[in-house]
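Protein chains in written order, with this note's numbering: chain A, 1 to 214; chain B, 1 to 385.
In short, the hints are calculated from the structure, not lab data.
Errors might be hidden in some of the hints.
Capping the alpha-carbon separation at 25 Å, the derived lysine to any residue pairs in SDA-like fashion look like this [said to hold, decoys possible]:
1. A:107 with B:273
2. A:107 with B:230
3. A:107 with B:156
4. A:184 with A:152
5. A:107 with B:96
Here are some, though not all, of the chain A residues that point toward chain B, as calculated from beta-carbon distances under 8 Å [claimed, not checked]:
6. 60
7. 88
8. 111
Idealized CB from N, CA, C, for every residue including glycine.
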Amino acid sequence: MRVVLAEDLALLREGLIQLLEANDCHVVEAVDNAPSLLRALTTHRPDVAVVDVRLPPTFTDEGLRAAIEARRHIPGLPVLVLSQYVEQLYARELLADRSGGVGYLLKDRVFDVHQFVDAVRHVAAGGTAMDPEVVSQLLDHHRADAPLQSLTPREREVLGHMAEGRSNAAIAARMFITEKAVSKHTNSIFSRLGLPPSADDNRRVLAVLAYLDG
Amino acid sequence: MRATGTQAWRLVQQTADAVTLILLAPLGLLLFVLTVVGIVVLPVWLVSMPLLLLTLALTRPYADLHRGFAARTLGVAVPPPYRTREPGGALRQLGRAARDPARWRDLAWLPVNGTVGVVLYLVGLVESLLHQILAPLPGPYALELAARCNRRFLGSSQQARLARRVAELTRSRAAAVDIQAAELRRIERDLHDGAQARLVALGMTLGIAEQSLEQDPERMRRILGQARDELSAALGELRGLVRGMHPPVLADRGLVGALEALVLASPLPVSVDIALPGRPSAPIESAVYFGAAEALTNVIKHSDAHRADLLLRHQAGVLVLRLTDDGHGGADLDAGSGLRGIQRRLATFDGTLSVDSPDGGPTEVVLEVPCALSSPRTSPSSARA
C-alpha cells in the first residue's frame with residue numbers, strides 16, 4: 001500500500017514512517033507542510049494519505065484544508081487525518097463530499113498499532129473511520145429534533161460503531177450479537193434515515209454523515 | 001393619542017420645573033452671598049465654620065436639583081462630579097471641599113443661576129404655558145438653553161471625566177491581572193494533579209514492566225497495556241486543559257468557526273446568525289468565545305429550554321453577541337460565578353455582559369465589546385445546526 005505522509009514534527013514523522021513501513025505500507029513521500037502535501041498527493045496519487053491537521057505555514061488547520069482541497073482534484077482520494085484533538089465540525093467537513101475514504105483520529109490511536117493500521121487499511125479501501133471521541137460526543141448528547149431520534153438505542157449503538165469504521169462482523173463481535181442481527185439493524189438504520197438502497201459502503205458514509213449533522 | 005399624551009405630560013412637567021426653579025432662585029443667591037461672607041470672615045472661626053458648613057450642606061442638594069432638571073430636559077445623565085466623600089471632622093470636610101473643583105464651580109454657578117438662569121426659566125415658563133394653549137409651536141427653547149447652561153457648570157469637567165476613566169482602567173487592569181494569575185494557578189494545579197501525576201505513574205508502570213521483562217512476559221504485556229492506557233489518560237487531560245485555555249478550533253478558525261463548532265457540539269438545537277466583515281483581535285475573540293460558551297452551558301444546564309438563538313454582529317464599532325433561549329427564565333448573574341468572571345474579563349476591553357431573564361422566560365444574554373475588525377474579509381455564515 002502506497003502512503004503519503006504529512007507531519008511537521010520530525011519526531012512523530014519518523015515514528016509514523018517506521019510504524020507504517022513495519023506494517024506493509026510503503027511511504028512514498030513524507031512532507032512537513034501543506035503546499036508540499038498538495039503537490040505530493042497530486043503527483044503520487046497514493047492509496048492513502050495520512051495527514052496531520054496542523055501544518056506550516058500557518059499552524060492552524062492547513063492539513064485539513066489541504067486534504068479537502070486534494071479530494072476536490074482527486075475525488076475519493078483516501079485521507080486519514082490525525083490530530084491532537086477532534087472537532088465534530090472538522091469531521092463533518094471531511095465527510096461533506098459524501099464519497100467516503102475518510103478517517104479522522106486522535107494521534108493517541110497510534111498507540112494501538114494493530115488498530116491504527118487497520119484503520120489506515122479501512123480508509124484506503126473507501127471506508128470511514130471516525131475517532132471514538134467524535135462518536136461519543138455525539139452519543140452523549142443527541143438532539144431532540146435530530147433525525148437520529150427515530151433510531152432505537154440499539155440502532156444508535158450500531159451507528160456509532162459504523163462511524164468508527166467497524167465492519168458488520170466487527171460490530172457483531174463487539175455487541176455480542178450475530179452478524180445477521182447487525183445487518184438487520186443497519187438496514188433499519190438506512191431506511192429510517194431515508195437512505196435509498198445503493199452500494200452498502202456509500203450508504204454507510206451517508207448514515208455517518210447524518211449522524212454528524214445530528 | 002399616546003404621543004400627544006406624553007407631549008402634554010412633558011409640557012406640564014416643564015411648567016412645574018420652571019416654576020420650582022424660579023421660586024428657588026433667590027435661595028441660590030442667598031447661598032452664594034452666605035458662602036462669600038463665610039470665606040471673607042474665614043479667620044473668625046466661630047462665625048465662618050458653621051456658616052460654611054451650612055452652605056456646603058445646602059448647596060449640594062440645591063445643585064443636584066438643577067442637575068436633575070438638566071438631565072430630564074436634555075435626556076442625558078448628569079452625574080454629580082464631586083470627589084467621593086470621606087469620613088472626618090468638620091475641618092477636614094471644609095478642607096476637602098476647598099480642594100474639590102466641582103465645589104468652586106457650584107459657587108460660580110449660583111449667581112449665574114440667580115440672574116441669567118431666572119430670566120431663562122421665566123421665558124421658558126411663558127413658552128410652555130403658550131404651548132399648552134397653542135399646541136403647534138416649536139420649542140420651548142429657553143428651558144433647554146437653561147438646562148445646557150446648568151449642565152456645563154454642574155456636570156463633570158473634562159478633567160473629572162478623565163480621572164474617572166483612569167480609576168475605571170486601574171480597576172479593570174487589576175481585575176485582568178487577577179484573572180490571569182488565577183488562570184495560571186488553575187493550570188499549574190491541573191497539570192500537577194493531572195497529566196504530571198499520570199506521567200509519574202506511567203514511569204513507575206514502565207519500571208515494573210522492565211523488571212518483569214524476563215521472568216514473566218505475559219505479565220509484562222499486561223503492564224505495557226496499562227502503561228498505554230495511562231498515557232492516553234494523560235493526553236486526554238492535556239487536551240482538556242488546552243481547550244480550557246485556548247480551544248484549538250478558535251486558533252484555527254477564529255471566533256466564527258469556533259462558535260459554529262460550539263453550537264455543533266451542543267445537545268440543544270441552536271440557530272446561528274453570524275455576519276462579521278472581519279476579525280476582532282485574538283484576546284477579544286477569546287473572551288467573547290468563552291462568554292458564549294459559558295452562556296450556552298448555563299442555558300443547557302439550568303433553563304429547560306428547547307432551543308436557543310445565537311446572533312453575532314458588528315454594529316457601530318461594537319461587537320454584539322446575543323444568545324436567547326425559550327427556557328423558564330429567572331437566571332441570575334450572581335447565582336453562578338461563571339458569568340461574573342466573563343463580565344470581569346470583558347471589562348478589560350470596556351466590554352459588558354447583561355442578562356435579561358424575567359421569571360417564565362425568555363432569557364437574553366448580551367455581550368458587547370467596542371472594537372475594530374481587522375481585514376475586510378467577509379465571513380458570513382448562516383446555518384441551522
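Status of the hints after comparison with the structure:
Among the hinted pairs, residue 107 of chain A with residue 273 of chain B is inconsistent with the structure: their alpha-carbon atoms are about 34 Å apart, more than 25 Å. Taking the CA atoms of residue 107 of chain A and residue 230 of chain B, the gap is near 15 Å; set against the 25 Å cutoff, the hint holds. Between residue 107 of chain A and residue 156 of chain B, the direct Cα distance comes to roughly 60 Å. Violation of the 25 Å bound is thereby established for this hinted pair. Taking the CA atoms of residue 184 of chain A and residue 152 of chain A, the gap is near 13 Å; set against the 25 Å cutoff, the hint holds.
Taking the CA atoms of residue 107 of chain A and residue 96 of chain B, the gap is about 67 Å. The hint is violated against a cut of 25 Å. Below 8 Å, beta-carbon pairs count as interface contacts, and residue 60 of chain A has one with chain B at about 4 Å; its hint therefore holds. Because the smallest distance between the Cβ of residue 88 of chain A and any Cβ of chain B comes to about 5 Å, under 8 Å, the interface hint for this residue holds. Satisfaction of the interface hint for residue 111 of chain A is found here, the shortest Cβ-Cβ separation to chain B being roughly 5 Å, below the 8 Å cut-off.
Of the numbered hints given earlier, the model fails hints 1, 3, 5; all others are met.
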